[in-house]
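If you read the protein sequences in the order shown, they are chains X and R. The first sequence begins at 1 in this note's numbering and counts up by one. The second sequence begins at 299 in this note's numbering and counts up by one.
Worth flagging that the hints you see were computed from the coordinates, not collected in a lab. Some hints could be false.
[As the list claims (entries may be wrong)] Cβ-Cβ distance ranges computed for the label pairs, FRET-style:
1. 130(X) to 389(R): 21 to 27 Å
2. 553(R) to 75(X): 50 to 56 Å
3. 75(X) to 504(R): 28 to 34 Å
[Said to hold, decoys possible] Distance condition first, Cα-Cα at most 25 Å in a straight line; then the derived SDA-like pairs of lysine to any residue:
4. 254(X) to 296(X)
5. 319(R) to 4(X)
6. 319(R) to 48(X)
7. 108(X) to 302(R)
C-beta: ideal position from N, C-alpha, C; glycine also.
Residues per chain are reported as follows:
There are 2 protein chains.
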Amino acid sequence: MNNFDSTFDYIARVLQKTARKAYEGYVISRLWHKINDPTVKLVPQQYVNRASNLYALTDVYFPQFKIHIEVNEPAHYKNNASIQKDRKRKAQIEKNTGHRVLEIDCRKKIELINGDIDRIVNFILEQKRELILKNQFIPWDEKENTGLFWRRKNTLDVDNDISLSTIEEICKVFNINPSKIKRGFQRTGGAILPANSDILVWWPAEKTRNGWTNCEKFDFSEIEEKNSDRVKSLEHYEEYINLNQRRIVFFKHKDILGIDKYKFVGIYVLNESKSRRRKSLYWKRKSKKMQINPFLIL
Amino acid sequence: MNNFDSTFDYIARVLQKTARKAYEGYVISRLWHKINDPTVKLVPQQYVNRASNLYALTDVYFPQFKIHIEVNEPAHYKNNASIQKDRKRKAQIEKNTGHRVLEIDCRKKIELINGDIDRIVNFILEQKRELILKNQFIPWDEKENTGLFWRRKNTLDVDNDISLSTIEEICKVFNINPSKIKRGFQRTGGAILPANSDILVWWPAEKTRNGWTNCEKFDFSEIEEKNSDRVKSLEHYEEYINLNQRRIVFFKHKDILGIDKYKFVGIYVLNESKSRRRKSLYWKRKSKKMQINPFLIL
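From just these sequences and the hints, can you work out the full model?
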């Protein structure tokens, strides 16, 4: 048993990572300590889609409230062109995601910077109160970031930043018998949903495994599935091209803290035309949100 | 002109450094943000003297209140021997310095850790109120850590963590004409007090300069003054051994943020017997506290 509180450990390590940039670290640690509520989740370096082919990483994201914070160092304001560029970037993020982007200007005096952060803190706490009133607030508890937690919640949403530690936890989300994921001494790359044989819960990995690579687009809009062995790849293509399978995908990757995690990235269907053209499987994201039982794409 | 607030810049960089240890970083950033008062100074990794030849670095020090904080990671409590050893260390620090040492136990749940930190925050703010009532509180202002500031205050105390950026600032403390510190293109290693010709304001350096080395004991109880050139060293010894000079010392070193600083380390007199025995100058600390004008060892 670990001799520490998992939320404490998570947030301490997040603050450690974000402190690599001094001003950003100051702002993020102040946000955390002034919000002063371990049920409010804070995610550093959140990936967001700005426009069709443009991406951005925001400095902090509060998934429960869909609020991003950008910490602008003094250099950020060095010229008008860079200010304009950033204004455009911010507008794109807000338009594309429907999220809010709030900024902190680090050129100010410390009392004013603190005041600006505190205003964001109050705004977030207000949002929390509103969600509670509407019975829509999901308290964050790192210990409960388990399969069982999400099965009870019955909804998976990419925007909720769902990351599980093991394949066993993924199985718990869908009530899959964990014996189903063993293939001799190896593990399968996925498991069929008990109630829907045309839906695969899939856990591809960033790293190559038994020759299988899964190249994902940076925004997870598409995942390619191929084997370094061309024959195996083609066999696999033939097996799946007409199957009309849908896939619930948990992508295995190292999180910002360097820990292996399976992150829910959405529900995927085959991009048939592209797959046929290239004789390789290309999965495209159909939705970021689903109901678990009964299965429903939201 | 710098485009940032100097207190903000200092504390952001301190939090960045202390975040190297995740739990320590969490505690220190929470202390800072919850104290929420830029007039309260926080110093990381404060050196303290435990006993005659024993030293310690405490995790955080609040010089205005003489309070040290120790952040104890779970590993700290791994066995009884290590707990006992630390209890002894803490008692030694408190006895030797007269300061208070408070501890944070990181094995607890996050809510309890936060509660413990908040109790320390309240205690510190209480200490501040008491000092204000007694008219003894010196507000911290990184911008005012100047020679003029200390000259007006008229007292130098090692426990106040006085660090100046340049020799010119040192001169301002004592109203020394800065032209006195130039020797052709070079700079002197010190300057005589205008009103007390037997007192030298000295700024030895960690690094060797023109062959001169100043080996200090880790606790600054003693500084050796010698030149790599034995002849020069002996001449210097002959010049000073009977002079009965006292020295106000600002030691040049790189601070925790890697910036050159002249740190006030005390008032020194010659350790005559040791110096004669070794034919080299050994300066021993006589006091950590002095009045500037008129000069008085406190």
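We went through each hint and held it up to the structure:
1. 130(X) to 389(R): 21 to 27 Å: Given a distance of about 51 Å, which is not inside 21 to 27 Å, the answer is violated.
2. 553(R) to 75(X): 50 to 56 Å: Hint violated: Cβ distance 24 Å, outside 50 to 56 Å.
3. 75(X) to 504(R): 28 to 34 Å: 32 Å, holds
4. 254(X) to 296(X): 29 Å, violated
5. 319(R) to 4(X): 15 Å, holds
6. 319(R) to 48(X): 30 Å, violated
7. 108(X) to 302(R): Holds: residue 108(X) and residue 302(R) sit about 7 Å apart, inside 25 Å.
When the structure is compared with the earlier hints, violations turn up for hints 1, 2, 4, 6 and for no others.
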